[in-house]
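So the chains spell out like this:
Protein chains: 2
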Amino acid sequence: MIRIGIVGYGNLAKGVECAIHQNPDMELVAVFTRREPSSVKILTPNVPVVSLQDAAAWRDKIDVMLLCGGSATDLPEMTPALARDFHVVDSFDTHANIPAHFAAVDAAAAESGHIAVISGGWDPGLFSVNRLYASAVLPEGKDYTFWGRGVSQGHSDAVRRIPGVADCRQYTIPVPEAMERVRGGETPEFTTRQKHTRHCYVVAEEGADKAAIETAIKTMPNYFADYDTTVEFVTAEELARDHAGLPHGGSVIRSGVTGWKGENKQTIEYKLTLDSNPQFTASVLVAIARAATKMYDRGITGCQTIFDIAPADLSSLSREEMLAHLL
Amino acid sequence: MIRIGIVGYGNLAKGVECAIHQNPDMELVAVFTRREPSSVKILTPNVPVVSLQDAAAWRDKIDVMLLCGGSATDLPEMTPALARDFHVVDSFDTHANIPAHFAAVDAAAAESGHIAVISGGWDPGLFSVNRLYASAVLPEGKDYTFWGRGVSQGHSDAVRRIPGVADCRQYTIPVPEAMERVRGGETPEFTTRQKHTRHCYVVAEEGADKAAIETAIKTMPNYFADYDTTVEFVTAEELARDHAGLPHGGSVIRSGVTGWKGENKQTIEYKLTLDSNPQFTASVLVAIARAATKMYDRGITGCQTIFDIAPADLSSLSREEMLAHLL
Numbered sequence: 001m002i003r004i005g006i007v008g009y010g011n012l013a014k015g016v017e018c019a020i021h022q023n024p025d026m027e028l029v030a031v032f033t034r035r036e037p038s039s040v041k042i043l044t045p046n047v048p049v050v051s052l053q054d055a056a057a058w059r060d061k062i063d064v065m066l067l068c069g070g071s072a073t074d075l076p077e078m079t080p081a082l083a084r085d086f087h088v089v090d091s092f093d094t095h096a097n098i099p100a101h102f103a104a105v106d107a108a109a110a111e112s113g114h115i116a117v118i119s120g121g122w123d124p125g126l127f128s129v130n131r132l133y134a135s136a137v138l139p140e141g142k143d144y145t146f147w148g149r150g151v152s153q154g155h156s157d158a159v160r161r162i163p164g165v166a167d168c169r170q171y172t173i174p175v176p177e178a179m180e181r182v183r184g185g186e187t188p189e190f191t192t193r194q195k196h197t198r199h200c201y202v203v204a205e206e207g208a209d210k211a212a213i214e215t216a217i218k219t220m221p222n223y224f225a226d227y228d229t230t231v232e233f234v235t236a237e238e239l240a241r242d243h244a245g246l247p248h249g250g251s252v253i254r255s256g257v258t259g260w261k262g263e264n265k266q267t268i269e270y271k272l273t274l275d276s277n278p279q280f281t282a283s284v285l286v287a288i289a290r291a292a293t294k295m296y297d298r299g300i301t302g303c304q305t306i307f308d309i310a311p312a313d314l315s316s317l318s319r320e321e322m323l324a325h326l327l
Numbered sequence: 001m002i003r004i005g006i007v008g009y010g011n012l013a014k015g016v017e018c019a020i021h022q023n024p025d026m027e028l029v030a031v032f033t034r035r036e037p038s039s040v041k042i043l044t045p046n047v048p049v050v051s052l053q054d055a056a057a058w059r060d061k062i063d064v065m066l067l068c069g070g071s072a073t074d075l076p077e078m079t080p081a082l083a084r085d086f087h088v089v090d091s092f093d094t095h096a097n098i099p100a101h102f103a104a105v106d107a108a109a110a111e112s113g114h115i116a117v118i119s120g121g122w123d124p125g126l127f128s129v130n131r132l133y134a135s136a137v138l139p140e141g142k143d144y145t146f147w148g149r150g151v152s153q154g155h156s157d158a159v160r161r162i163p164g165v166a167d168c169r170q171y172t173i174p175v176p177e178a179m180e181r182v183r184g185g186e187t188p189e190f191t192t193r194q195k196h197t198r199h200c201y202v203v204a205e206e207g208a209d210k211a212a213i214e215t216a217i218k219t220m221p222n223y224f225a226d227y228d229t230t231v232e233f234v235t236a237e238e239l240a241r242d243h244a245g246l247p248h249g250g251s252v253i254r255s256g257v258t259g260w261k262g263e264n265k266q267t268i269e270y271k272l273t274l275d276s277n278p279q280f281t282a283s284v285l286v287a288i289a290r291a292a293t294k295m296y297d298r299g300i301t302g303c304q305t306i307f308d309i310a311p312a313d314l315s316s317l318s319r320e321e322m323l324a325h326l327l
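Chains H and R, in that order, are what the protein sequence lines are. Just so you know, we're using the numbering used here here: the first sequence kicks off at 1 and counts up by one. Just so you know, we're using the numbering used here here: the second sequence kicks off at 1 and counts up by one.
Extracted from the complex, chain H is given alone in its bound form (with noise of 0.2 Å):
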């Protein structure tokens, strides 16, 4: 049995908490939160709920924590200092600052002797290990990743913020001829508004302006500017009626040559359709959390990325089931 503790309890940690239950292998241990523990109430039953700062009391009852923090400020934080005491897996998606987590990860799983996973999930995580592979086969190529269909969160905030606004959800939509030029064997230079468009369904407050909600939307930095973006005001319960779930999904498509001249077009493509992101990214992290424990017995310490894992290590199988059976 792989002992798992889970660090905080918002969708992603709910995900988790499923997948361990879909896993025979895996048994939760229990969930650290900042809140007031009698305040989180949990699906499994006879699991308590612990406030995080008596997490160091566990060190010898959990073989892996998984942190369900944000990127932008839990995790920078959070699986350094988890690493001192626990093997450690995380989601950290900002990609630009990959680097700098991975360093300061790496230092602090290593001098404890720990091994720490960052980055698990599916963007980053299985799609990053498909570019990996496409560019290691193909390496006379060029890849492409479209999301989308999907809900982007983090989209979905920023429109939130705008005043006059009570709710949106964005969802990020991949330009269909875009996909089928580069499914075709094409390798165009896309800018960022030929590969992706984005939909808002807001819900404005009362007496909002919606038109100033809308060039707001659609003028943001970083966010709109750069795309297509449609706005649809919709009610608070066609919202709730519609809208209600987190599906996402995707696609990493690379195309390539192989022979002697470049004869030959090669197409890879991985995709994703998710009814629920936050769930199939938990998925990833419960089978990332088997695969540390593994390599922890062989001796691994320090930060690990997907790219490092070697797939059998991720399965529950026995080498001879994966020879007979998937091989």
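If you're looking for bench data, these hints aren't it; they were derived computationally from the structure. Mixed in with the good hints, there may be bad ones.
Not everything, but these chain H residues come out facing chain R in the computed CB check (under 10 Å) [as the list claims (entries may be wrong)]:
#1 Ser119
#2 Val257
#3 Leu314
Derived lysine to any residue pairs resembling SDA-like cross-links, with alpha carbons at most 25 Å apart [what the hints assert, rightly or not]:
#4 H/Lys195 x H/Asp209
#5 R/Lys142 x H/Val40
#6 H/Lys261 x R/Asn11
#7 H/Lys261 x R/Val47
#8 H/Lys142 x R/His21
#9 R/Lys261 x H/Pro48
#10 H/Lys271 x R/Lys271
#11 H/Lys142 x H/Glu263
#12 R/Lys210 x R/Glu237
#13 R/Lys41 x H/Gly245
#14 H/Lys61 x H/Val40
#15 R/Lys142 x R/Gly185
#16 R/Lys271 x H/Ala324
#17 H/Lys195 x H/Glu180
#18 H/Lys142 x H/Glu177
#19 H/Lys261 x R/Pro48
#20 R/Lys271 x R/Ala244
#21 R/Lys142 x H/Gly245
#22 H/Lys271 x R/Pro48
#23 R/Lys271 x H/Asp275
#24 H/Lys261 x R/Thr301
#25 H/Lys294 x R/Thr301
Calculated from the model, a selection of chain H residues having no Cβ within reach of chain R, i.e. all distances over 12 Å [to be verified]:
#26 Arg3
#27 Glu17
#28 Ser112
#29 Ser135
#30 Arg161
#31 Gly164
#32 Val175
#33 Phe190
#34 Ala212
#35 Glu237
#36 Thr267
#37 Thr273
#38 Ala282
#39 Thr301
#40 Asp313
We put the beta carbon where it would ideally sit given N, CA and C, even for glycine.
Dock chain R against the given chain H, drawing on the hints supplied.
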């Protein structure tokens, strides 16, 4: 520089030669053949063609031998034999015999202290690794492998052995409706007939009984009897003009559920669209050869598969480059 030897010089070996040419950290040292060496002309200038029986003399000049023989009779002998003197990579693809091949190769490689990676390519190979990732991430689910549209060389050969057949190209074609059901999140049980159809372009010999040929194909056990097969007679010129290539591909799709009660559908698809099956297989073998050298440098010997290879080992990029650009 990783110094590569190629054993054999058929379509797969020619693909390996082309792939080495695309990878600046690789160098082709020699091609080994069972034929008279002077009868084999290769593409790479200034590289010798050597009799396979003299291979042992090249022990210290070659880092990895890529074995490009067939799975029926060549590799079961060749891979264990060459693993006594070299690190080796093969593309053994008779799925049912993989456990026995693994055991034979492991015994030889472990004894000689070499690393041997068997069953590289795309199926077995990249498709296998995607079945493994997907099943580890979505333990409650079912996976499906669809092959094609592409040329099956084994089935083309089987038709060529029928009396009155001068030549044939057999295409394996996935049934679109079956793929769409799986992509939509269903997990049906399919019969063989429901997943794939087969299409044969046949050149008949002068005066041959075409009706008899068609019956012989459609009723052939294992190869065709369980499929809806279409037989189309063409001229030798049409076959050469329209069916000279060896395209292939396919999809591995896993449809699973997550959530406390399995309430959310999650679908993973890995899809290959290949103009040249042997060149793509060869490109995978060359990346595996790179990984084999890195793994051996860490002390790993014996028989390994793509399941045991950390993705980072397949790439020529540094860890820093991977973290900054691929993760």
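Now the hints, each set against the structure:
1. Ser119: This interface hint holds because 6 Å falls under the 10 Å limit.
2. Val257: Hint on H/Val257: holds, closest Cβ of chain R at ~9 Å, below 10 Å.
3. Leu314: Result: holds, 4 Å to nearest chain R Cβ.
4. H/Lys195 x H/Asp209: Outside the cut-off at roughly 30 Å; violated.
5. R/Lys142 x H/Val40: violated, 34 Å
6. H/Lys261 x R/Asn11: holds, 16 Å
7. H/Lys261 x R/Val47: Since the Cα atoms of H/Lys261 and R/Val47 sit roughly 19 Å apart, the hinted pair holds (cutoff 25 Å).
8. H/Lys142 x R/His21: holds, 18 Å
9. R/Lys261 x H/Pro48: With a Cα-Cα distance of about 21 Å, the restraint between R/Lys261 and H/Pro48 holds, given a limit of 25 Å.
10. H/Lys271 x R/Lys271: Measuring from Cα to Cα gives roughly 8 Å; hence the hint holds.
11. H/Lys142 x H/Glu263: holds, 16 Å
12. R/Lys210 x R/Glu237: Roughly 18 Å separates the two Cα atoms, so the pair holds.
13. R/Lys41 x H/Gly245: violated, 61 Å
14. H/Lys61 x H/Val40: The given pair, whose Cα atoms are some 21 Å apart, holds under the 25 Å limit.
15. R/Lys142 x R/Gly185: holds, 10 Å
16. R/Lys271 x H/Ala324: Given pair R/Lys271, H/Ala324 holds - Cα atoms ~22 Å apart, limit 25 Å.
17. H/Lys195 x H/Glu180: holds, 11 Å
18. H/Lys142 x H/Glu177: holds, 17 Å
19. H/Lys261 x R/Pro48: Since the Cα atoms of H/Lys261 and R/Pro48 sit roughly 21 Å apart, the hinted pair holds (cutoff 25 Å).
20. R/Lys271 x R/Ala244: The hint holds at about 23 Å.
21. R/Lys142 x H/Gly245: Distance of about 23 Å is within 25 Å: holds.
22. H/Lys271 x R/Pro48: Between H/Lys271 and R/Pro48 the Cα gap is close to 43 Å, so the pair fails against 25 Å, i.e. violated.
23. R/Lys271 x H/Asp275: Satisfied, since the Cα-Cα distance of roughly 20 Å is no more than 25 Å.
24. H/Lys261 x R/Thr301: This hinted pair is violated, its Cα atoms lying about 36 Å apart.
25. H/Lys294 x R/Thr301: holds, 19 Å
26. Arg3: Correct as stated: the minimum Cβ-Cβ distance to chain R is 18 Å, above 12 Å.
27. Glu17: Incorrect as stated: the minimum Cβ-Cβ distance to chain R is 8 Å, not above 12 Å.
28. Ser112: holds, 21 Å
29. Ser135: violated, 7 Å
30. Arg161: Nearest chain R Cβ is 28 Å from H/Arg161, so the label holds.
31. Gly164: holds, 33 Å
32. Val175: Since the minimum Cβ distance to chain R is about 19 Å, H/Val175 lies beyond 12 Å and the statement holds.
33. Phe190: holds, 17 Å
34. Ala212: holds, 37 Å
35. Glu237: holds, 22 Å
36. Thr267: violated, 4 Å
37. Thr273: violated, 4 Å
38. Ala282: Violated, because the least Cβ-Cβ distance between H/Ala282 and chain R comes to about 8 Å, which does not exceed 12 Å.
39. Thr301: holds, 15 Å
40. Asp313: violated, 9 Å
The structure is inconsistent with the numbered hints 4, 5, 13, 22, 24, 27, 29, 36, 37, 38 and 40, although it conforms to all the rest.
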